[in-house]
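Once you've looked at the hints, dock chain B against the given chain A.
There are 2 protein chains.
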Amino acid sequence: MAERPVDRPVRLTDFKLHEAPVPEPKAGEFVIRVIYASLAPVMRFYMLDGAGIEKPLEIGEVMRGRGVGQVIASRNPNFKDGDIVQGKMGWQEYAVSDGSPYWMMYKVHQRIVPVSTALGVLGVTGFTAYFGLFDIGKPKPGETVLVSGAAGGVGSSVGQLAKIIGCRTVGIAGTAEKCSLLTEKLGYDAAINYKTEDVSARIGVLCGAGVDVFFDNVGGPILDAALAHINKYARVVACGGISQYIAGSTEPYPLRNAYKIGRLNALLQGFLIYDYEPRFVEAERAMAAWVKDGKLTYQEDVLDGIERMPEALIRLYAGENKGKQLVRISPDPF
Amino acid sequence: MAERPVDRPVRLTDFKLHEAPVPEPKAGEFVIRVIYASLAPVMRFYMLDGAGIEKPLEIGEVMRGRGVGQVIASRNPNFKDGDIVQGKMGWQEYAVSDGSPYWMMYKVHQRIVPVSTALGVLGVTGFTAYFGLFDIGKPKPGETVLVSGAAGGVGSSVGQLAKIIGCRTVGIAGTAEKCSLLTEKLGYDAAINYKTEDVSARIGVLCGAGVDVFFDNVGGPILDAALAHINKYARVVACGGISQYIAGSTEPYPLRNAYKIGRLNALLQGFLIYDYEPRFVEAERAMAAWVKDGKLTYQEDVLDGIERMPEALIRLYAGENKGKQLVRISPDPF
Chain A
43 MAERPVDRPV RLTDFKLHEA PVPEPKAGEF VIRVIYASLA PVMRFYMLDG AGIEKPLEIG
103 EVMRGRGVGQ VIASRNPNFK DGDIVQGKMG WQEYAVSDGS PYWMMYKVHQ RIVPVSTALG
163 VLGVTGFTAY FGLFDIGKPK PGETVLVSGA AGGVGSSVGQ LAKIIGCRTV GIAGTAEKCS
223 LLTEKLGYDA AINYKTEDVS ARIGVLCGAG VDVFFDNVGG PILDAALAHI NKYARVVACG
283 GISQYIAGST EPYPLRNAYK IGRLNALLQG FLIYDYEPRF VEAERAMAAW VKDGKLTYQE
343 DVLDGIERMP EALIRLYAGE NKGKQLVRIS PDPF
Chain B
43 MAERPVDRPV RLTDFKLHEA PVPEPKAGEF VIRVIYASLA PVMRFYMLDG AGIEKPLEIG
103 EVMRGRGVGQ VIASRNPNFK DGDIVQGKMG WQEYAVSDGS PYWMMYKVHQ RIVPVSTALG
163 VLGVTGFTAY FGLFDIGKPK PGETVLVSGA AGGVGSSVGQ LAKIIGCRTV GIAGTAEKCS
223 LLTEKLGYDA AINYKTEDVS ARIGVLCGAG VDVFFDNVGG PILDAALAHI NKYARVVACG
283 GISQYIAGST EPYPLRNAYK IGRLNALLQG FLIYDYEPRF VEAERAMAAW VKDGKLTYQE
343 DVLDGIERMP EALIRLYAGE NKGKQLVRIS PDPF
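Here the protein sequences come in this chain order: A and B. With our numbering, letter number 267 in the first sequence gets 309, and the count goes up by one each step, no holes. With our numbering, letter number 299 in the second sequence gets 341, and the count goes up by one each step, no holes.
Next up, chain A with everything else stripped away, as it sits in the complex (with noise of 0.2 Å):
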């Protein structure tokens, strides 16, 4: 990072390529060499303040974020020569790490699809997905069930996993554009534009046998609308409240529905993905058949070379990535 992003968008000259020796391994350390590299939105908050996780960035420290990659020098047991994992790698072609949880390295175990997907929807995105759905959702064949933020990471995979059980599946999204994805290609049975459409008004129409899912990425009134259309032992999977972020220092928005969890027997439920570690890989086997049967399927945007990292960033920030933006930094070995 060469400058810090204050009260302006991220620019390419926030950045700067630097050339350094390969590190050796120190006893406990590995060395990865980096595949590809995640591009997130959380990003320029890392410039700025540490997202309010991490201390911020230091002027000329690495860039933070996640990748996929190939151990090519280990020191330490858990990880191998060979091994591919994802985790912190930060923007480099060669990462180090001593597999401490600060890292977040978790192994890859598939290799029938592109290591790519471990950044993505068989990555910490699609087992949000499939431990949401499954886990919390418990969704039954023929059931009914309801997505919101439906085309975005999370919810793209949701609808076509509720799909491949059998699960008549409605998908909210906020864009003519993405409410075409669903039903084209992400197989929703049906897609409501919730800037345009009587939201409420809509999932009563489509979900004419009520809600028995409801998978909520965002929050805020469009949870209170699909409240109001929940069935008797309907589970709402409370993944996300975007809108409520975005909120900030507001009030939070009064749901005048959620009286009805109680009162239909019902559930609503939030979780943290990392509980779910020692099961990633259940669900990357499971995912990863799906994907290479064609019955998941995901969108990637790719460019080539770490010189174009900052232009990813931007490409993301300006909506004009189809898919996961990512950066591939060096050739898939598999």
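When chains are identical, the list treats them as one kind, so a pair holds in a single copy or across two.
Straight-line distance between alpha carbons at most 25 Å, and here's what the computed BS3-like set of lysine-lysine pairs gives: (1) K97 / K274; (2) K180 / K274; (3) K149 / K68.
Honestly, the hints are just simulated from the structure, not real lab data.
Just chain B now, with coordinates in the frame of chain A:
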């Protein structure tokens, strides 16, 4: 029932005692000698309109109500002479049933405490406390359990059950007398009078480490106040919404803090106690042992003789009963 109490309270003269021979069971039926009859606030609605569940009583019909009794003559293979059962027995000394689901006949297995408990702490009311707390609330020793409607039939057991497993317990009730009962008889560590105290502020003080389990019997503003103080991974048991029932056709109370369920990886869940029917015997066994050991206390207010049923009901509506209002119809054989 001799008269229908339309637009007025229930009177003694709304009922008339009628004598008839003890019935003989037809094929598939069994006859029960009623031991205790239960009085419940819903009874006036049985007289008016069936309480929205059953068809309204006709003038001259046997008044509806639950009881516990002993089978004295059976032509039903599932209910044998000598069995103790609880279920819909009506206001009568001898009841006939075919054991079909309508009658909600459950066998009483325990013989270590009085069978009157089958209408309270060892009946559906107590089982609601047991399964709501242990299966949904899942309290761990040392956690803080907050209970609304804490002096009621369900709430008075919840606090004691939580205490048995080593939780800190705080109860919310509506009178100073009930609050004294909570801390002096029902083992609550602290009590909040929602009519005279700022509920949210008091929860903050009395649940200094936050609320891990909230067992909610009332809903509305008290639920919202409790949600403001829940911890990460908290469990909120949505057992009742009395304040919502009273509100009737008015707008439901908007919950400003329900978004915390998702944010804090928490859970809000309702349940139907009859879904736990296959496990009633587990709850009965555990709770009977605690009653016998003096760890689980209960209060009953017992009048004697079927002719006092109208008086007992009026007593209930006047709030003069101390604990569960019952009438002993015949001597307890144990």
